[in-house]
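Visitor: Chain order of the listed sequences is A and B.
Counted from 1, the first sequence has number 207 at position 207 by the working numbering; the numbering is strictly sequential.
Counting the second sequence from 1 gives a position; the working numbering is that position plus 1000.
A hint or two may mislead.
[Unchecked claim] Where chain B lies over chain A, by a calculated footprint (3+ residues, C-beta under 8 Å): (1) 90 to 104; (2) 224 to 235.
[Said to hold, decoys possible] Ranges of calculated distance between the beta carbons of each label pair, as one might list FRET restraints: (3) Ile175/A x Met1001/B: 57 to 65 Å; (4) Ser1035/B x Leu674/A: 25 to 33 Å; (5) Ala1008/B x Ile24/A: 29 to 37 Å; (6) Thr12/A x Ala1008/B: 32 to 40 Å; (7) Ser1035/B x Gly476/A: 41 to 49 Å; (8) Ala1008/B x Val18/A: 49 to 57 Å; (9) Ser1035/B x Ile24/A: 48 to 56 Å; (10) Leu247/A x Ser1035/B: 22 to 30 Å.
None of these hints come from the bench; they were simulated from the model.
Predicted model only: the values in this text are computed from it and were never measured.
Backbone N, C-alpha and C define an ideal beta-carbon position, used for all residues, glycine too.
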Amino acid sequence: MNPTDTNTKTDTKTDKSVRQTGSILAWGAVALLGAAALGVIAVRRGEPINALWLVVAAACCYAIGYRFYSKFIAAKILALDSRRATPAERLENGRDFLVTNKWVVFGHHFAAIAGPGPLVGPVLAAQFGYLPGTLWVLAGAVFAGCVQDFVILLFSVRRDGKSLTEMAQEEIGRIAGFVAYTAVIAILVILLGVAALIVVNALKDSPWGTFTIAMTIPIALVMGLYLRRIRPGKVLEVSVLGFILVLLAIWGGRWASLNPLMAHAFTLPGTTLAVLIIGYGFAASALPVWLLLAPRDYLSTFVKLGTIGLLGIGIVALHPTLHMPALTRFVDGSGPVFAGKIFPFAFITIACGAISGFHALISSGTTPKLIARETETRMVGYGAMMAESAVAVMAIIAACVLEPGVYFAINSPAGVVGQTAATATATISSWGFPVTAADMQVLAHAVGEQTLFNRTGGAPAFAVGMAHIFSQSLGGATVMALWYHFAVMFEALFILTILDAGTRVARFMIQDALGHIYQPLGRTSWYPSILATSALIVGAWGFFLWQGVKDPLGGINSLWPLFGIANQLLATVALCVATTIIIKMHRTRYAAVTLVPLAGLVAVTFTASWHKIFDQEPRIGFLAQARLLAAGPATNATARVIFNNRLDAVVTAVLVAMVTLVLIESVRQWIVVLSGREDARVKESPFVPTRLAGEQA
Amino acid sequence: MSRFLRAARILLATLREIFDESAYERFLYREQISSSPGAYAAFRREFEEAKTRRPKCC
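With the rest of the complex left out, here is chain A (with noise of 0.2 Å):
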């Protein structure tokens, strides 16, 4: 042997063993850092901490179970195969299937995951202290949330990019693919009935957000107009356009407000409100999109884009100190926010910031018809909700920036802390966190609104917290309120577009189940179907927001509970497709990657139902509260009360059973493939070799 061959081989190892130790000790500093900073958010009691401790945390947990965790998910149980051919590739049209760069596809997946549930979740949750949020946030995203993407898309990726409705009829049985069905539904009617509350909590009585959000309809119009006439197809161009038009809106949102005769007219009480978004819900359904819809989709995705980045800058750059304590008093379960204590009901509060079933349905949906290689597949599911998770720990940290005085004063509803300021800042004041009337009225002032009392919903606690954030790095207390409205216009249009496009989703799939009963109504271009199925959803979650602007605990304590159970609900039937896959594939050795995600899921869901309809503490369970006011003096308004109340515990438990039977339906499964009465064949796509050219690993 040559001595020269024996010296390059002994270099070679050398440097290996160098790289090897290097990489040792980097991720032995970063597993170190995490612990610390987790040490000092867990530990640390009686005095305010940085910021910057959560957000450290946050990027060493994710770094290490993104370095970790899901490379051996991708190794040991998916056998990634970056040889084999996706559907983008074997069924390229030029349409939906298209081989797409990886980063694009993230950034997709991200902008259809990236909705206002992170935001708002969190920002509740807070009430039990910044603690149970971020820890929940953290360990269920590493270890359930990004763990059910990313192993949805890769099992999609393998299917053609069938759906999980279609998955789970295919691997589990047509009872699963039902429920499945009927639980989208469900969580959509649920969700764009919770989501219009949130808009109608952060404008009521608010003439400048009304305004600025009333504006955004003439400015998509015009956007719209620019793109079919003008510059057809510059959608970038004409969103920079209308960012520049909204930040007007904004500016001029002052003046309505401060101008008599305009501040009267959009000065809304809820109820108007609520009737004007149903109409609008209805309109969006039911016409053409090219002219409104498009392009204010398109404003929204382009304003959430930036200001979440804004946020993350801002948060890094100014690392605001918490002034929330870690723990607050109502971990017992009597908060002024939601009642429940925090097993299950901060799970269920949180829900898209660590685990959210809706996204099985993007990772079933468009991203795995753009991904080019399976390998790609890790970071696209698995890190695209790293980067939702990272979101919702912004959103504790924009609400624990607020003096805990603060944040119960604007998130508690009038039935809780009383109905005048004297009287909600005495109740305030006396769970030990001091606020009087004149600190709430100097905020509200700052922020350009009448009152800030009784704003729940979340949306108004992120609009202070954010503009808290951005007033100390840009333009100081002065653009104080242009920040707040710039948070409200954010989280409202956001919102509304939610409405938009969910509406005519659950719209669509309407249409295409009716079309099995009579062919016409499956035609999305009849108008007689569309009139009657846009009447049908709009009337759904209308009849929810109703209910919310109604009710005298302010609706989210309602609502917001019976959406994170539908959420968490879907999610379960994602997790029990996954396993029954990852059980047919011979890996039940690792199955417990999704299996305990699910056993978690369970026991946070069915607990969480459970308490929903049966507890006996009338702010918890709905049969309870119906009790009570069917005991008390009787009332038009009760009665709907007492009605709205018994339905909601009707839906959570039919929500429950139909879960409860794809559980039965996929451990019957499991026995069966595992005992091996059945033979355990998946409905895989045959393999075939990619053909794209220097793209094997």
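Let chain A serve as the given structure and place chain B on it in line with the hints.
Guide: Only chain B this time, still in chain A's reference frame:
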């Protein structure tokens, strides 16, 4: 510098994909037509149904 340019190109491509500009270009290429109000209207008609069927997350 080249890394920076590559990152900027990918960012722009991502935005163009999210905002359907690339989809419109593919449509023009597939149909062998140039951009015009009529072409954009046809593109929107074709994409309307597919786009509005896409769920958006909570």
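Visitor: All the hints need checking, so say for each whether the structure fits it.
Guide: Cross-check of the supplied hints:
With a threshold of 8 Å between beta carbons, the proposed coverage of the region 90 to 104 of chain A by chain B holds, since 8 of its residues qualify and at least three are required. Remark: the region 224 to 235 of chain A is confirmed as covered by chain B, as 7 of its residues place a Cβ nearer than 8 Å to a Cβ of that chain, reaching the required three. For Ile175/A and Met1001/B, the hinted distance range of 57 to 65 Å is satisfied, since their beta carbons lie about 58 Å from each other. Taking 25 to 33 Å as the suggested C-beta distance range, the pair Ser1035/B and Leu674/A does not conform, at roughly 58 Å.
The beta-carbon spacing between Ala1008/B and Ile24/A, approximately 34 Å, falls within the hinted interval of 29 to 37 Å. At roughly 36 Å, the beta carbons of Thr12/A and Ala1008/B sit within the given window of 32 to 40 Å. Remark: the range hint 41 to 49 Å for Ser1035/B to Gly476/A is upheld by a beta-carbon distance near 45 Å. Taking 49 to 57 Å as the suggested C-beta distance range, the pair Ala1008/B and Val18/A does not conform, at roughly 34 Å.
Separation of Ser1035/B from Ile24/A is about 55 Å and conforms to the stated range, judged on CB atoms against 48 to 56 Å. Here the CB-CB span from Leu247/A to Ser1035/B is close to 29 Å, well matched to the stated 22 to 30 Å.
Hint violations for this structure: numbers 4, 8, all remaining hints satisfied.
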